[in-house]
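Undergrad: One-letter residues, chain by chain:
There are 2 protein chains.
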Amino acid sequence: MKIIFQPDGKSATFTGSINLLEAASKAGVLINAACHGGGTCGKCKVQIIEGNLPELSQSEKKALTVDEVEGGFRLACKLVVENDITVLIPDLLGEGDRKKALTKLPDHFKQDIQIRKQYVKVKRASMKNQKSDVKRLAEALNISDLVVEPKLLYSVSKSLKSKKAEVTAVVKDHCLIAVEPGNTEEHHFGLALDIGTTTVVGMLYNLHTGEMIDVESRTNPQSNFGADVISRIQFTRESSENLEFLQKRIIQCFNEMIQKFSVRNTFDPNCIYDVAVVGNTTMSHLFEAVDPESLAKTPFVPVYCQGVNNLASDLELSVNPLANVYFLPNIAGHVGADIVAGMLATNVKNLPGVTLAVDIGTNGEVYLGNEGNILTCSTAAGPAFEGACIRHGMRAAKGAIERVLYQRGDIMVQTIENGDPVGICGSGLIDAVAVLLELGIIDKNGKMISAEACLDLGLSQELCDRLIQADDGMAFELYQNNGRTIILTQGDVREVQLAKAAIMAGMLTLLKEEGLKMTQIDRVLIAGAFGNYIDKKSAVKIGLLPDVGMTKLINVGNAAGTGASMALMSEKVRNEAELLSRFVKHVELSASPIFNDEYMNAMRF
Amino acid sequence: MKIIFQPDGKSATFTGSINLLEAASKAGVLINAACHGGGTCGKCKVQIIEGNLPELSQSEKKALTVDEVEGGFRLACKLVVENDITVLIPDLLGEGDRKKALTKLPDHFKQDIQIRKQYVKVKRASMKNQKSDVKRLAEALNISDLVVEPKLLYSVSKSLKSKKAEVTAVVKDHCLIAVEPGNTEEHHFGLALDIGTTTVVGMLYNLHTGEMIDVESRTNPQSNFGADVISRIQFTRESSENLEFLQKRIIQCFNEMIQKFSVRNTFDPNCIYDVAVVGNTTMSHLFEAVDPESLAKTPFVPVYCQGVNNLASDLELSVNPLANVYFLPNIAGHVGADIVAGMLATNVKNLPGVTLAVDIGTNGEVYLGNEGNILTCSTAAGPAFEGACIRHGMRAAKGAIERVLYQRGDIMVQTIENGDPVGICGSGLIDAVAVLLELGIIDKNGKMISAEACLDLGLSQELCDRLIQADDGMAFELYQNNGRTIILTQGDVREVQLAKAAIMAGMLTLLKEEGLKMTQIDRVLIAGAFGNYIDKKSAVKIGLLPDVGMTKLINVGNAAGTGASMALMSEKVRNEAELLSRFVKHVELSASPIFNDEYMNAMRF
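If you're matching them up, the sequences are chains A and B in order. Residue 0 is where the first sequence starts when you use numbering that gives the first Met the number 0, and the numbers rise one by one after that. Residue 0 is where the second sequence starts when you use numbering that gives the first Met the number 0, and the numbers rise one by one after that.
By construction, these hints were calculated from the structure, which means they are not laboratory data. Check the hints yourself; a few may be wrong.
No distinction is drawn between identical chains; accordingly, a pair holds when it is met within one copy or between any pair of copies.
Said to hold, decoys possible - Taking lysine to aspartate or glutamate and the EDC-like style, the derived pairs with C-alpha atoms no more than 16 Å apart in a straight line are: (1) K44 <-> E59; (2) K259 <-> D83; (3) K150 <-> D313; (4) K150 <-> E243; (5) K536 <-> D144.
Let the sequences and hints guide you as you build the complete structure.
TA: Now the structure itself:
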C-alpha cells in the first residue's frame, strides 16, 4: 500500500494497515498534531484527494464539519489507511505565522499605484449619440485616448449591455485592463511573489489601500527536482520537457496560493490586476522557461538581466488574464532579482557610510554599499543553513531544533512551536556549532573531539556521553528520547565551515575591492527569514557574521519579499530596480584571487 | 456522385460520369479554359484535394509537371469524374491581373518604416565580459535599452549559441521583434490586407524598399454565410460559435494567401513582421471576433472605432508570431476602416476646394471634403453592382459581360478576357441600363417597354426581338448562344435604381449639409476596383455619378488597399488614421430628412 503526501510529493509504502499520522512521521512528513494523536485538537486535519476511505470515527465526527468531510478532510491521527491514498497536507505556517509575516513596508517607501478602479455609469447610445461603446466608456472615465486590448473589446460590449450600463473599469495610465459589470471598486488586488530556491512566499495586497491582506508560504515544488540551483539546472538538461515542467510546477504552486487567498478573503482571482515577482537568476530563468544552462558553467552568464513583463495569461497564472506579471531585473548569473529587491527594501543606495548586507538562503549573496556605490557577489555557500546536507537537518517548521543552549553542565534544545524534536534547522545548527566551539568540543579547525578528550576538558559526564562514534566519524547527540535521536556529525560541522567561510570571504572580498576594513563597517544587514531567527552572537562566534558589535547587526527580515511588494506598488521603484541592475558592480568571486585567500582563512573558526 | 468546388464551397450532384469542366459549368463555377476544352492551353488546371482519380490522359501528361501531378493537379477539360471528389479552383485573377494591381503608392505618401533588420556579430561572453546574452546583443545593435518580450528570450539565447554568434535582429523602436541566426536582412516583409465584404485582397511588401512584391485576391470566404454585412451579422446571432467561426474563415483565407506568397517568392512567412488591415466596420468586428450585433439595429453603434493592435499569434495569423496586426480605425457603424484608408490614399483632407468621393462595393460609402473639413455617410446601396440580386449577375471574372454597346442597330457585348459570356458584372450592368435608357427601351421611371413599343420607337427588329416576357415582367436579352441566354430583367433595373438612388442621395445630402451645390464640386473620386472598369458616361447617364463633366470624374483604384499599404509603411499615417476617425463628421442618413427627399427624387433616371 502506497501513501503519497502532497504538496511535497513524498511517498512511502507500507504493508498492512497503518495510522496516517504514524505513516507521515515514518515518511518524514510533518503533520501538525498538538494533542499528540488524541483526536481532540483537530489540528492534524488533512485532505484525502485520492483513494477510498473507511468510515468516520467518533472523534472525526466531532472535529470535522459536514463541508470538510465532503471535501475529503480527515484527522490524520484517527485515520487508519488500508489502501493506496494521496493526502494533501495543509501548509505548515499556522495562522500565527501568517500574522507575523504581515510586516509594514519600510518608512522610506512611498506607494504610487498606477492601477485604479473606477465605477462609472456609461451613457446609452442613441441616434443622437452614435458613439461606439468604447468611446462612451472612455467619456465616462474621462480618458480621451483610452487604449483597449482586442481581448477586452468583447467584455466592453457585453458589460455595456447590462441593464444600467454601470461598470467598473480597471485602468493603468490610459490603458484598460478590465471592465466589470456593477461596482467592484472594493476588489482591487495585487500579488508580490518571492521565489526562493527552497521556499516560495506569496503576499496579497489591497491595491487601493496598499495594505497587505494575506500571505502564504510553501516549499518550492521544484525542490524535488534539485535542492540547489545547479542541480535544478542539471535537471533541465536531462530532457527537453523539463524546463517547461519546472515552470509549470511553480505556476501551479502560485495558482494554489491564489485559490487559497481567494477563498479565505472572498474575492474573484480575476480581481488581481498586477503581480511583481522576485527570485534568484536561476529562479527567474525557470519562471520564464528560458534555458538556464549557461548559469551552471563559466562564465556564468545569464540570458538576460533586465526585468521581464509577462502577460498573466501567457504564464497561465490564474489572476486577471491581462494582468502584468513583472519579474524584477537580475544583476548577474548568481545575483538575482531577489537581491535587487533587497537593495530596494534596505535603501542601501541612500544609506550613509558603509553597509554590508548578507542574504542567507540556499545561496549566500552579499552586497556592500559605500556612500552610494554598490558592489555585490554571490558565494557558493550551499544550502546547509536550510537543513540540506545536514544529517538531521530540516527547514524551519514545527519540531525543528531552533536553539541549542548550554545550561547547568548540559545541552538543552528548544524546538519550533515546542513540538517534539524531529530535526535541526539553520538557527539551531549555528547555535549548536557555536556552543560546542565555546566548550572546546569542536576545535578551531572544526574537529570534533572524543568523549575522553571532553572529560579531559573537565566537562560533565552527561555532556561527554553525548559524543558518540557515528558512521563517518564523531557525532554529538543533541537530543534523544522515545527512540528518536538527533545528532550533529563531524560532516555537518564541515558543511557549516564551508558555508560560513564562503559568506565571510565574500564579505571580505567586497570590502577589499573598495579598500575598506572591517572596522569601517557602519552596519551589517541580515536579510532572509533566517535573519529573524538566528542568534547573532552564535553567528559571530562561528564566523558567519563579522564581529562589529551586536548593535550594528540588524535584521531586515524578508527583504526580497519587501522589495517585491514595493515594486508591486510603485512604478518608480520598478525604474529604480532597472537602474540598480545596471549600476551595481558585480564581483565574480571564482575569478578573484582575493576571494581564494580569504576563503581558506575563513575556513577556521 | 457529388463534386465539391473549393474555395467557394459550391457543390453539385451528377449521375454517371461527367467531364469536370462541364460539371463546373453546370454548377455555375468558373474555370479558366482558354482553348475551350482542347487540352492544349493548360489553363484549366485544377487541384483535386479529395477523392480517387482515373489515370492521366495524354494531354495531361504533356501539360502537367511531375510536381503538379503529385500535388493532385489535373486538367479540368480532360478529367472524367466518376466518384465523389473535391476540387480546388485556382484563383480567378491571372498573372496579368496581379501585375495590373501592382500600382504605385500616391506621390504625397512618404514611407517611414519603423521596423528594421540588422545583421550583427555579437561578442562572446567571458569571465571578463559576463554581460547577459540580451545585453551583448543590445550592445551589438547599439540600443542601450533594448526591450525583449519574454517569448523571445529563448530564441535570443539559442541564436547566440550558434557557431559565430552572428544574428539578424528585427527591431521596432527599441523593441526586439525577432532574432534570426545568420544574415537574413534580405527577407523583410509586411502585409497590407483589404477585407471587402465580397472580395479580399492581400498585398505583400518588401519593408526594406517599400516595394510591392505580390498580390492575391480571393472571394471573402465568409460570403457563404451572408452576402452582405447584415445577413452576415444575422448569421453570428444563430449560434454562439458562429462569430469565432467567421473570424477563423477569414484568417484561414489570409493564411492560404501567405502560404502562396511564401512559396512564390521563396521566403519564410516568419519574415513577415508587420500587418495593416482595412475593411468596413462589420468586417473589422468579425476580424476581431467582437459581437457585431449592434451594427444591425438602430442606432447602429459599433463596439469600438479606434484602431486595434493585435498580436499575430493571438489571431493565429501565420506570420511572425510577434508581428503587430493593426486594423485601422472605423468612423461609424457603417463607415469603416476601408473608408478611412481611402481618405488617406486620396489625401482628401489636404485637397483644395470641394471633393466628393464614392466607394462602390457591397455597400456604397460617400465622403465629402470641403477645404479640410470632411463629412461621410453610408448608403444602403446593396450589392447590385457586384452582381448580387441581379438575375444573371456575377462578379468581375472571366466571361462576365463588362461592356454593352449599341452598334449598327443592335446590342453588342464585350466580356472580360473575351471569355464565353456567362453573366453580367457591375460595369456591364451600368452600360446595359444606360444604353437601354438612351434608346428609350427603359423609361425615366425605370419601366422596360414591350417589343411592340420598341418597334414604335423606330428601333430595329433584331433589337426589339430581344425584349421578351420573363417570369417577373419584361426582360432584355443581352446575349444568346449555344443555349446560354443572358438577360436583364425589369427586376434587375429596379435593383439598379435603388442602388444608384441611394448613392446619389447620399452625395446630395452631404453637399446640402455643407451648404454646397453640385456645380461647386471640383472633383469626384471613384474608389474601388469597380471605378477602374465602369464607363463613366454610362454611370452619369443612369445617375450613379453626378453630371459634373468627364474631366472631374477621377478613378482612384483600390483606395482602401492603397491606404492599408500606406499605414503598413508609416507610423505617421497610422496616427493620421486615428485622427481622421475622430475628426470626420458622420451623417446618419436614416435619421436625415434631407436624405429621404433626395432618395425619392434620385430614384428616377
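Undergrad: Decide, hint by hint, whether the structure agrees.
TA: Here is how each hint holds up against the structure:
1. For the homomeric pair K44 and E59, the shortest alpha-carbon distance inside one copy (9 Å) is at most 16 Å, but the shortest distance between copies (79 Å) is not.
2. In this assembly of identical chains, the alpha carbons of K259 and D83 never lie at most 16 Å apart, being 27 Å within a copy and 57 Å across copies at closest.
3. When the C-alpha separation of K150 and D313 is checked against a cutoff of 16 Å, the pair qualifies both within a copy, at 13 Å, and between copies, at 9 Å.
4. With identical chains, the CA atoms of K150 and E243 are at most 16 Å apart between copies only, with a shortest distance of 13 Å across copies and 26 Å within one.
5. For a Cα distance limit of 16 Å, the shortest separation of K536 from D144 qualifies neither inside one copy, at 60 Å, nor across copies, at 46 Å.
Checked against the numbered hints given earlier, this structure breaks hints 2 and 5; the rest are met.
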